[in-house]
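Residue numbers (the UniProt record's numbering), protein chains in the order written: chain P, 1 to 113; chain U, 1 to 1016; chain A, 1 to 211.
The set of hints was computed from the structure by calculation and includes no laboratory data.
Owing to the predicted nature of the structure, the values given are computational and were not obtained by experimental measurement.
Among the hints, a few may not be true.
Straight-line alpha carbon distances no greater than 25 Å define the calculated BS3-like cross-link-like pairs of lysine-lysine that follow [claimed, not checked]: (1) U:LYS721 / P:LYS30; (2) U:LYS675 / U:LYS1010; (3) U:LYS930 / U:LYS873; (4) U:LYS394 / U:LYS413; (5) A:LYS169 / U:LYS814; (6) U:LYS977 / U:LYS947; (7) U:LYS705 / U:LYS721; (8) P:LYS84 / A:LYS161; (9) P:LYS30 / U:LYS901; (10) U:LYS705 / P:LYS30; (11) U:LYS1010 / U:LYS705; (12) U:LYS713 / U:LYS461; (13) P:LYS84 / P:LYS30; (14) P:LYS21 / A:LYS169; (15) U:LYS977 / U:LYS917; (16) U:LYS790 / U:LYS806; (17) U:LYS223 / U:LYS406; (18) U:LYS353 / U:LYS394; (19) U:LYS1010 / P:LYS21; (20) P:LYS30 / U:LYS713; (21) P:LYS21 / U:LYS721; (22) U:LYS917 / P:LYS30; (23) U:LYS933 / U:LYS947; (24) U:LYS873 / U:LYS675; (25) U:LYS413 / U:LYS530; (26) U:LYS394 / U:LYS383; (27) U:LYS901 / U:LYS705.
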Amino acid sequence: MFYIYCPYCGEHREEEEFHPKGQAHIERPKEPEACSDEEWGNYLFFRDNPRGVHHEMWVHAVGCRKFFNMTRHTVSYEILETYKMGEQPSITADSQAKPREAAAVSQQEGVRA
Amino acid sequence: MSQSKQQMFRLNTGGRIDRSRTLSFTFNGQRYQGHPGDTLASALLANGVDIVNRSFKYSRPRGIVAAGAEEPNAIVQLGSNEAAQVPNVRATQQALFDGLTACSTNGWPNVQRDLMGLVGKLGGQFMPPGFYYKTFMAPASMWLTYEKYIRKAAGLGRSPMEADPDSYDHFNQHCDVLVVGAGAAGLAAALAAARSGARVIVADEQEEMGGSLLASRETLEGKPADQWVARVLGELASYENVTLLPRTTANGYHDHNFVTLHERRTEHLGDTAPVENGHRQVRARLHRVRAGQVILSTGAHERPLVYAGNDVPGNLLAGAVSTYIRRYGVAPGRKLVLSTSNDYGYRAALDWKEAGCEVVAIVDAREAPAGDWVDAARAQGIKIITGSAVIEAKGSNRVTAARVAKIDIDAFKVSGPVQELACDTIASSGGYSPVIHLASHTGARPTWREDILGFVPGLVKGVQACGGAKGTYTLGDVLAEGVEAGIRAAATTGYTAQTVSLPSAERLQQGPAVALFQVPHEKSTLRGPKQFVDLQNDVTAAGIELATREGFESIEHIKRYTAMGFGTDQGKLGNINGMAIAARCLKRSIPEVGTTVFRPNYTPVTFGAIVGRHCRDLFDPERYTALHHWHVERGAEFEDVGQWKRPWYYPQKVNGKAETIQEAVARECLAVREKVGILDASTLGKIDIQGPDAREFLARVYTNKWEKLAVGKCRYGLMCKDDGMVTDDGVTSCLAENHFLMTTTTGGAAAILEWLELWHQTEWPELDVYFSSVTDHWATMTITGPEARKLLAEISDIDLDRDSFKFMDWRSGKVAGVPARVFRISFTGELTFEINVQANYAMHVWQTLFKHGEKYGLTPYGTETMHVLRAEKGFIIVGQETDGSVTPEDLGMQWAIGYDKPYSWIGKRALTRSDTKRENRKQLVGLRPKDPKVVLEEGAQIVLDPKHAIPMPMVGHVTSSYYSPILDSGFALAVVKGGHQRLGETVYLPMADGQTFEAEIVSTIFYDPKGERQNV
Amino acid sequence: MSNAATFDTRTDTAIPVESPLAYSYRRSGAPQAGGSSRLQLRERAMLGHLILRGGAIVLDEAVRDVLGLNLPGRPQTLVQDASGERSIQWLSPDEWLVIVPGGEEFPLETKLREHLGSAHFAISDVSGGQTLLEISGEAARELLMKTVIYDVHPSNFPVGKGVTTVFAKATTIIRRPSEDRWELVVRRSFADYCYRWLLDAGAEFGVNVQQ
Ligand SMILES: [Zn+2]
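This is chain P alone, in the form it adopts within the complex:
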């Protein structure tokens, strides 16, 4: 049961209010007709499945109904950050691979009720 910070509501909310919507930052090709079948197939069907830092899209379904992005660690399930649609993550697998202190953590340890 995740505790998710909705960047639009500005609060942590229970996972039950959210729906996961798969990998984040999948952009629909601007000109679908210019895509080969393979390119279109990649867009439609192929997704990353990393062990570690992953970017996901979620929607605050029972709440503000806004879609947003989440950087989540797929092993520890720690949510490293959430950010609005159209924004880029500040934490990536690359930034995490660098020395630990370089990794910014958006939330302080623990959360206030």
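Place chains U and A with the ligand on chain P using the hints.
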């Protein structure tokens, strides 16, 4: 005189029980007495009940071993009547109440004279480890036969056969600091956190908070430790920001500090919850706690030593012996032999002696024990046998003697002569194992600490451990750690905590413990008498050794092979010993062998608490339309469509007999085709779409064109996902140039709204458009049939003339005096008006329609009739004709695809992929059974050659099939490979019963192919 | 003008209406625990409910001029007029719920549309689609803890807050208009489920239903 004769093991003084009151209870049919403050276990011990169960596999007699959650044997079935039955209750955790009725869960038919044992059960040498896998898996078909007997013989308890009169709850809790366990560490932590103003929840599984301090021989500030407990609890209770939850077990730690607590609110009071002020209290409650910080002050479980015959009743944990004496005023025997590897165990002997009973000897595995408690034992004149251990307990239904010998731990052998000491009780202590279960649920691996011979919890963010749970056992240090944890937790959640002045604890000298887990025997482990590791699952040291010999090296595999730590036990007493034995056999260290992962729940949770209020008619929401009451009164049968209850059909009484569904549907269908019918279509999803780019948005999400749809017009639309597969359909109306009303399928309403938002928020934020759900705002009444116009004309001011209010137009006006939007669209093929009014007016409009409709034969119809009528017209239902693999072209709906629209709408690109262009895709066709009486089965597979050898190539399946009253014939819709090119061909439908039906592939439109009727 | 269709769904004529709980009263009744009640429940039916969508900057002035209320820009905020009869609640960065006395919603929508002119916004009348349940009494917070997953502790849920959250297995908007009063906005189709849930969960406190 409070002391009853039966309670011959009850001490005259001491303990936290109320001797002035006597409670009666029944165990296995025998009546006994105890006192308030007793647990069922302490009361059984007071009455000298040795055997409380039969073991799971070997059917051996078993007695009480522990005094808390770690008890493996005394697991009982509770309940004085059928409805109150509760399985899997630990007698050590069940408070005694007057009239309590319990029986053993194991030991069918009788614990004292076990029939299964006599007939050889399934036990003994017939059940080596891996038995289940080896025996019952082949032949698999026999499992059902075995399983019945194993379950009965294994006695896993039983559920009640009558409805539970009690109610259960969920409680959503939020706090800054959750303290799990209210012993010395937990109370200190709670105090520190609470004084900072943080919101604190303290959960403790016992009847009284205080943990080991309630039965400690140690003092705080020179006074009995329980006085400090009372003072702290008093202070905590006075704070508004503190919630104290006794009788509450933290059973599971889930992601991000979500912890489930199981509170037993009335289980100490009786079988069923008491009634207060006429309201029955909630029996058990599941707290769903989201905590800022979690403090695990769960203490430690004492580890028993593993020696031969260690399962005979009368073998107890040393600490449990102390608890029974000091907390419950019960000495669980008369003559004690203590076997220990450490100083802590000595306390049992001291308590035993002080209770006036005989300590035969302390057998200490260490050569030269030294420490304050050791000195105290010597001062009491207790005999101490050093460098030795109890290697075997003698006795069958109760310990009669301890066999004691010098042992060589490193060489794992008995190194001296064996002496037999007559006794009735053997207490053992192998040190402590921190209770790391909850920490383990976090997924963090525990780490082994050689200095304390135990695993300490691995921790994740937001979780701290303190005290025994962290491997700290000295009272002063435990308190200090608790305060520190409380301060840190408060600070992390944004509060400023002051330090708490700690009560002074005694500083006791203790000698080092020795690492002893399994005690060697004169015979080898495999040949000697059984040495039990996991009493609940009957796992022996030999079983573990055998597993390692069979090649199991990972502790996770050994666990599964032997069943160690399974079930309700979760390895509380046995896991570390089991690992140590595996390590010895594999010649590795314990950390090399690994750790096992504990899983929720820590102790069993009653189903009632898991379910809470989500049961019976609150199991799932039932969504009703504004007309629901009318449908109920009319005697409708209902169909579940998502969470909606929709009228399925309206059976009438004919000659006092209710119509069958077939009769009702036939009547309803003919009424629509010949007169007029009415459907409550309010469940259709309705989305209000506004904005200058609304039209462009529709063009992108629908497959068909929207640019020319004029105000006042409606259009059917088809939606695909970007893979080109149909996902929803419905009619969308143009209300104004920048304003549309979209309808969706009943089941798709929420998902389609989210789908529209998804595209708007992620791909096309530049489009100026907003979506809002108005599903519940409008009630929709569909009147359909040749008489529909005449009926509506009677109660509406709208011009219904066929040439001014055309098919696929909408108009607004009044219906029955209520402002309404009326849509001339049709899902039946008949002349249809869909009347939309604000839902609060719906009942009035509906009833007015009936007032005027009688003379036209107005007939309410349900979803079944709707299905038949639409299928006769070849109209699809998304989710019935489609299954996520069907394109618009597969459905023959090329007319609804705007390939030349400027924007590459959702699904377009995929529809030009080679696979979606394939000619032999499954395509929607009609099927006319050769025998008109036949109604084909939905889902039936279609073949071209019924004589083909099995497996026959299948070319499709039936998607919808009904009897058509108007055609007096069965008919079906189906998807068939290349079906659009097969009109007129015969296909075959072989059924499971050997019959094969024949059908002809025909057009999907069975009735009124020219579509004239809807235009009348 | 916004080029959207407006439609007054109400009528002046004396036509019987049924609130979303009409069926529930017939089915489950309206319990009266009397003096021992620690929980009061009241439906405030037939109010005007409008969903307002648009940018805060676009809507702010119009709302102030027409409704006399400041558009709450901060998430989870509820603003009411002095009488408490009219309120506007933040639902999302571009979505607000306006609740006014029944019958005011159409004139309000019309005036807002006039004021907003050709700006991009949307107003949807949802008055028939939801109802407002008022909960008060000393056990109100306990009842809510059994019901909604959101933290209703006063430190997290002060007066003037409102959120959309999970209600048992349905959803609700929960608001705190005053110290001792809570409001739930529930969808019409779920109203009976919510009502039965509240009666069941509240039974141990003794419920008085005011009709
Ligand atoms: Zn949100």
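Is U:LYS1010 close enough to P:LYS21, meaning Cα to Cα at most 25 Å?
44 Å, violated
Between U:LYS353 and U:LYS394, does the CA-CA distance stay at or below 25 Å?
22 Å, holds
Between U:LYS413 and U:LYS530, is the straight-line Cα distance small enough, at 25 Å or below?
16 Å, holds
Can the restraint linking U:LYS705 and P:LYS30 be considered satisfied, given a maximum Cα separation of 25 Å?
With Cα atoms ~21 Å apart, U:LYS705 and P:LYS30 stay inside 25 Å; holds.
Is the Cα-Cα distance between U:LYS790 and U:LYS806 25 Å or less?
15 Å, holds
Quick one, are P:LYS21 and U:LYS721 close enough, alpha carbons at most 25 Å?
Holds: P:LYS21 and U:LYS721 sit about 14 Å apart, inside 25 Å.
Holds or violated: are the alpha carbons of U:LYS223 and U:LYS406 at most 25 Å from each other?
40 Å, violated
Are the Cα atoms of P:LYS21 and A:LYS169 separated by 25 Å or less?
Roughly 21 Å separates the two Cα atoms, so the pair holds.
Given the hint that U:LYS977 pairs with U:LYS947, does the C-alpha gap stay at or below 25 Å?
The given pair, whose Cα atoms are some 19 Å apart, holds under the 25 Å limit.
Straight-line Cα separation of U:LYS1010 and U:LYS705 no greater than 25 Å?
Answer holds: U:LYS1010 to U:LYS705 is near 23 Å, not above 25 Å.
Check whether the Cα positions of U:LYS873 and U:LYS675 lie no farther apart than 25 Å.
18 Å, holds
Below or equal to 25 Å on CA atoms is what counts here, so check U:LYS977 against U:LYS917.
13 Å, holds
The structure fails hints 5, 12, 17, 19 and 20 (numbered hints given earlier, in ascending order).
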